[in-house]
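> Sequence:
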Amino acid sequence: MTGADVVIGGVGPDGSYFTDRHAGGNSMPVVDQQQNYKLLSLTESDGKTVMKFQRSIDSCDKDDLPITDLAMKLIYAYGQTDDITYHSNRRGTKELNLLKYMPHVNPPNSSFFDITMVNFTVPAKQTYYHCKIMKARFGPKQHIYRIEPVIENFDLVHHLLLYRCPPTVTEPLEAECYTGVDGECMEVVAVWGVGGGAFEFPEVAGLPIGGNVGDFFYRLEVHYNNPNKSAGRVDNSGLRFYYTSELRLHDAAVLMTGLAVAPGYAIPPKAKSFLTYSMCDTANIPKVLETPHDLQVFSAMLHTHLAGRKVRVGLFRGGEQIDLLVADENYDFEYQEVTNLGKTKTVKLDDKLLVECTYNTENRDTLTWGGFSTTDEMCLAFIFYYPAMNLSGCASFPDLTSLQSAMGATDIDSWLNIMFTKTWNDTTISEYQQTLKSIDQFITVVNSLNNASSYKGTLPDLKVIPPAPCISGCVTKSLAVLSLLTCLAVQWASF
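Heads up, the sequence shown is in UniProt numbering, so the first residue is 1 and it goes up one at a time.
In short, the hints are calculated from the structure, not lab data.
Among the hints, a few may not be true.
Unchecked claim - Here are the simulated DSS-like pairs of lysine-lysine, each with C-alpha atoms no more than 30 Å apart in a straight line:
hint	residue 1	residue 2
1	Lys437	Lys270
2	Lys73	Lys343
3	Lys125	Lys310
4	Lys437	Lys310
5	Lys463	Lys94
6	Lys52	Lys62
7	Lys422	Lys272
8	Lys463	Lys270
9	Lys310	Lys422
10	Lys141	Lys345
11	Lys456	Lys287
12	Lys310	Lys94
13	Lys229	Lys125
14	Lys73	Lys345
15	Lys38	Lys62
16	Lys73	Lys422
17	Lys456	Lys437
18	Lys38	Lys48
19	Lys463	Lys62
20	Lys229	Lys270
21	Lys125	Lys135
22	Lys229	Lys287
23	Lys94	Lys345
24	Lys73	Lys310
25	Lys348	Lys463
26	Lys141	Lys343
27	Lys343	Lys52
28	Lys48	Lys94
29	Lys287	Lys437
30	Lys348	Lys422
31	Lys343	Lys62
32	Lys272	Lys62
33	Lys437	Lys463
34	Lys456	Lys94
35	Lys38	Lys52
36	Lys141	Lys287
37	Lys437	Lys345
38	Lys94	Lys62
39	Lys345	Lys287
Make the full structure from the sequences, and use the hints.
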């Protein structure tokens, strides 16, 4: 909550109350000296409180957060009385783009189908990935326009992925992931992370099913995080897909970028802020596709595990950074959302994407390795774009030979010994981070048939693009009315 821009309002015995505040920490938000939020209405009826208010996009007030074209996290909390006290577990969050929210649509000739586990007994293991390969039986081409999670056990299900399999996969299968043929199915078509909600495609694009992709098999992957190793839990979680026969202008697709998930990179313990980097060079896409084209990016989902604090994706063209494609400066493992960018951003062939993840391991005493467990780490960005290409991934990984040499090791064993015996402090953590940043990366582009092209590259420098200076009169720029609604309590209360 630290740094949040907060309003508190409700309907009391003497009428409504409403204040503009800010959070200096995990304590009572402080009333702003300058009250920039305008209350439009505040009503209470049938156990619901509806509060409508507006604020300028940039109020030029240091206690208010500027509203930008990047996704922002909205937090809410409510109480059961008009005493403004600690909210306990009556709270939540939603990540969205305030300047261009993607509305729900209900096109004609629409229906839905579910892809879920069926009465799967979750093993009594801390981390378990279960995969189910099945055939999608559709005739004529349709477009998926909305994807919703169907979660039965919120305390166990960490994330869901649906992959399209190559034509070489011809039989259904259900087993632990990454133990057989399921490893061939790597083209992501849908993704959900813990805390996320429904995802809406823009009106110009949809995820294709049926037609020339109707005979493909798909792999549903569910990551179960079971820290208590509970036995006998049965799960039927998965995804719901809304589709229509009214085809949209473009087929949409998902490109997975970031650090390849493997145990060859480590994050030191006791790090307040440790950065990892990975790169995708789109100039190499033509090496795996015959007819590549630019990507029109409209949404993204960023993903790390428990130590993640920030994720940024920089866009580079001609050797210079031209934009932050997407960024989450307050990443929360418990709330992972596919987020609308607010506008379509073009990634041209020859552009580079740099994925930067920031971690905090101050509460850890040992190295954190890249891997699949929740206590391991990842650094991924799922990029939603159109028109679709037969492309599954563009990821990188540090050149371990260069890393070992830079750290004075002669082989993997001596490097591991250095890593495990090193005294990690601010100096050694910084040195290791700079070493990782300076060495070559192995960058791999993979198409839908799992044909890959690998090459070496170096990482550019990612900078935070500063906001435009606040100028007099900016308060005339008005944000559309925000309506915050809670149906579970009598009224809003404190954060």
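> Which hint numbers doesn't this structure obey?
16, 22, 30, 34
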